[in-house]
Each structure stands twice: as C-alpha cells, then as structure tokens.
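**Q** Sequence:
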Amino acid sequence: MTIPEIRFAMSGDVHIAYQVVGDGPVDVVIIPDWISNLELQWENPLYAGFLERLASFSRVLLFDKRGHGLSDRTVDSDLFTLEVRIEDVRAVMDAAGSDEAIVFGQGDDGGALAAVFAAARPESTRGVILYAARARMMRAPDYPYGYEPTQIDVWTRERESFWASDAYARRWLHALAPSVANDDRIVRWYSRFLRQSASPGTEAAFERSDTTFDLRGMLSTIHVPTLVLHRAGDQESPVDASRDLAERISGARFVELPGTDFYPWAGDQEPLLAEVRAFVTGSRPTEGSERVLATVLFTDIVGSTEQAAALGDARWKELVERHHAVVRAMLARYRGMEVDTAGDGFFATFDGPARGVRCAQAIVEALRPVGVEIRAGVHTGEVETIAGKTGGLAVAIGARLGAMAERSEVLVSQTVKDLTAGSGLVFEDAGEHELKGVPDRWRLYRVAS
336 MTIPEIRFAM SGDVHIAYQV VGDGPVDVVI IPDWISNLEL QWENPLYAGF
386 LERLASFSRV LLFDKRGHGL SDRTVDSDLF TLEVRIEDVR AVMDAAGSDE
436 AIVFGQGDDG GALAAVFAAA RPESTRGVIL YAARARMMRA PDYPYGYEPT
486 QIDVWTRERE SFWASDAYAR RWLHALAPSV ANDDRIVRWY SRFLRQSASP
536 GTEAAFERSD TTFDLRGMLS TIHVPTLVLH RAGDQESPVD ASRDLAERIS
586 GARFVELPGT DFYPWAGDQE PLLAEVRAFV TGSRPTEGSE RVLATVLFTD
636 IVGSTEQAAA LGDARWKELV ERHHAVVRAM LARYRGMEVD TAGDGFFATF
686 DGPARGVRCA QAIVEALRPV GVEIRAGVHT GEVETIAGKT GGLAVAIGAR
736 LGAMAERSEV LVSQTVKDLT AGSGLVFEDA GEHELKGVPD RWRLYRVAS
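Okay, so the sequence shown: first residue is 336 according to this note's numbering, each after it adds one.
What the hints contain is simulated information worked out from the structure, not anything from laboratory work. Everything numeric in this text was worked out from a predicted model, so none of it was measured. Be careful, since some hints might not be right.
Label pairs and their in silico Cβ distance ranges [unchecked claim]:
#, residue 1, residue 2, range
1, E495, R781, 56 to 66 angstroms
2, E700, R523, 48 to 58 angstroms
3, E493, R520, 18 to 28 angstroms
4, R776, R543, 49 to 59 angstroms
5, M345, R520, 32 to 42 angstroms
6, A677, R778, 22 to 32 angstroms
7, R520, T547, 19 to 29 angstroms
8, D501, S585, 23 to 33 angstroms
9, D518, E717, 52 to 62 angstroms
10, R527, D603, 37 to 47 angstroms
11, G347, A649, 40 to 50 angstroms
12, E495, D407, 52 to 62 angstroms
13, S496, R523, 18 to 28 angstroms
14, Q570, Q531, 43 to 53 angstroms
Glycine included, C-beta positions come from ideal geometry on N, C-alpha and C.
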C-alpha cells in the first residue's frame, strides 16, 4: 500500500516525524505507547486497517515520539520527561494546522502524555481518550496497579540479551497481542518494527523516565471530555487500573471492552472503534438511524496555511470571514444545507446533484475576485443521519473527492455525472482512482468551466 507522506515538525531542536491521514471534521492525535515507526506500521495490515478506520471519520495525526522511529534519536533521559514531550504534541498540531484536537493516548506512556497534555493545554484539547492507561507506572503501598521493581529488572535483562529478535518479538506479542502471537508473519514484522523503532539504549533511557511518572495529583485538573477504555482480558495492564484512572477524572466515562489484546489494532477492533467513533463524532451507527439519498459537497481553501502566514492573523481572519459569507450565500441560493464547518472547509448537503455542482461552481467564481481559490468534491449516495449528525460511506467519498481536487476545480463521481445528464453541465474525464478507505476503483470527472 502507499504510505502516507511523512513530514517533520520542529520541537525545540528536535525533529518530530508525523503524518496526516484522513480529512474528517475532527482532528485526532494518536499518542502510541512504547515504540512506533510511521513507515513500518503501515506494513502490518491489521495496524493499517485500524488507522484507516479511524481516518474514515476524523483527520488523524500520527507521530513518532522523540528518540523513536523516524524522529531524532536520543538516549538523554531528561529529554523524555512528560513536560518536555507535550511540546512535541503541540509542535505536530501546529505543523499540521490543528488548533484543537482529541488526544488519543495508548498504554501507560501514551496515556500519561495525553493526560498531561489535556491538563496543561486545555485550549488545544477538544477531548481525551485514554486506552489501557494507568495513573502511575510503579506499584506503591497506596497504588496496587503498577509494576513491581522485579518486573523492570526482567525487562532490562531481556533487552540486553535479545532485543528485537524474533524470540523477543514473540515473547512480547504473547503479552501484548496474544491473538496474533503465533502468526509468523506478524512476529517477523514485529521484530523488524522493534529494531527500526528504537535501540536498546533508547529504550533503557525511555524506561528510566517512564517509571517515575505519577499522575494522581494532577488528574483532577483535567476538565475536558474524557473517555477511558480497557479490554477486560488484557494480561499486561489490569483493567482496574483504567477504572481507577477514570474515577480520578471528573466526568470521565469508563468503558470495559471485550478482548485480551493490549494493542488496539489486534483482536476485535470493532467495539473499540465504535466507542472512539461515538466519542469523536457524537454518534454511532444504529438500526434506528435515518438513511436517505443526498448529494454531499466538500470545499476548502487551497494553500490556506501559506496564505495565513503571508497575510498575518488579522488579515487572514478577515479573508476567512469573507470566504464563509460567500459560501453561505451560495448555499442559500442553491438550497444547500450547511452540515459542518472546520477551519476553512465546508460540508453541505443538497437534495439534487445538479444544484450541488452548480453551487460549487458558483463558490469558485465568487471567491476569485477576493483572492481566494477553493477546491470542491461532489458525490451523491445514501447518507446516514443520527441525532442530527450526517455520516456514511457517501460522506467519506465526498470528502475524498474534495481533498483530491486541484485549485479552482470541482471534482465529481460517476454517480453525479450520470444523474445530471441533460442538465447542461459539462464534465471532463479525470480517470479512475482509488479512494483511501473506500472499496473498488472510482471513475471521476472534473466540471468544465
């Protein structure tokens, strides 16, 4: 498969590798536990499938933590503190143009980093998801859910003896992903994933930092929506640790999931993804949902980041407000219904494909005199509405088309072209394309000026 583009954000003097996947209305920052490698994670079809499902309803920001994967390597324990590393999260968000995101922390380290970020940067945190996390890494007289020092000693000996070998990979998969621990292909992938994610020295420094965290005194300062998830049969991290974590955060919702795997990409992903989707979008598929045929339109400003930097905050704000006014005026003229607005992008629906296409054309032409060029995607299909929220495969397809369109281009699906026959609209063949996360290949067309 094609690996999403890898970029680098500067956090102080450290280069942080990151990717942006999907184009949903809500940003989700994934903070992995332990190790990561932005390239190799896509070579595991289970891992790739999990990320693609997340990207079907959100814009996912992925990154390699400092010292790991494609980010700058280091063995300095002082650079692994949570206080230092929350700046890495903010640097990735800034580089990706994200003002506010849901932070999804996985495991002890990912959960701790997400929790500290939510407490320290509430203005940047739309919500926080803590998966298989705990408030403290090490056991204490008043905290029975942590590791014993003898367990850390065992990890140290194993790391020094056979780090990242197939035997080491299989040993840890039995603990972290037992459902795939006997799959030789996954074992070979995981051993390579370990080798190319971190060195033994990096892991030793990382472990020294991780064993010192204790979040119990600060969890009460988190005041953003919080979802805590844990699989009931997880043998590596006790479910009671997550239950305890949720009780320490005001208003947090705790959900115990079925399964024995620690890694979220292993085992049955569906229950976990359903909870994440409901938290991110505010809705989940139900038998009682309303499904109707509709035309969806997605638009956004081309080169918005560069324009914002060139104009400065005040002038850019004025330009965006003018853009919004024009788009809304055209939606009213063509009987479009605004569904969502995120930054400089719009998502709208229409009761007819020709009106959706003509509205997109009108927006393109109306914005040119003010120095704004947009791209747009239009598709017609069955959409699902739950509690006022619109979703479904047709929405995902429309979003993909909008992201693929060029400057001042309106890109439509074969369905739209066929349904508008006789309308006077003229289309040019744009070829067949694969749409990420959508089955089959799709014939696309650009609307002639």
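**Q** Against the range 23 to 33 angstroms, how does the distance between the Cβ atoms of D501 and S585 compare: consistent or not?
**A** With a Cβ separation near 46 angstroms, D501 and S585 fall outside 23 to 33 angstroms, so the hint is violated.
**Q** Looking only at beta-carbon atoms, does the pair E700, R523 fall within the given range of 48 to 58 angstroms?
**A** holds (55 angstroms)
**Q** Indicate whether the distance between the beta carbons of E495 and D407 respects the range 52 to 62 angstroms.
**A** violated (24 angstroms)
**Q** Given a hinted range of 32 to 42 angstroms, is it respected by the beta-carbon distance of M345 and R520?
**A** holds (37 angstroms)
**Q** Between S496 and R523, does the C-beta distance stay in 18 to 28 angstroms?
**A** holds (20 angstroms)
**Q** Take a look at whether the Cβ-Cβ distance between E495 and R781 falls inside 56 to 66 angstroms.
**A** Since the Cβ atoms of E495 and R781 sit about 59 angstroms apart, the hinted range of 56 to 66 angstroms holds.
**Q** With respect to the beta-carbon atoms only, verify the hint that E493 and R520 lie 18 to 28 angstroms apart.
**A** holds (23 angstroms)
**Q** Confirm or reject the claim that R527 and D603 have a C-beta distance inside 37 to 47 angstroms.
**A** Once the Cβ atoms are compared, 25 angstroms apart, the range 37 to 47 angstroms for D603 and R527 is violated.
**Q** Falls inside 43 to 53 angstroms, the C-beta gap from Q570 to Q531?
**A** violated (26 angstroms)
**Q** For the range 22 to 32 angstroms, tell me whether the beta carbons of A677 and R778 fit it or not.
**A** With Cβ atoms ~28 angstroms apart, the hint holds.
**Q** Holds or violated: 49 to 59 angstroms for the Cβ distance of R776 and R543?
**A** Check passed, 50 angstroms falls within 49 to 59 angstroms.
**Q** For the pair R520 and T547, does the Cβ-Cβ distance stay inside 19 to 29 angstroms?
**A** violated (37 angstroms)
Violated hints, in rising order: 7, 8, 9, 10, 11, 12, 14; the structure is consistent with all others.
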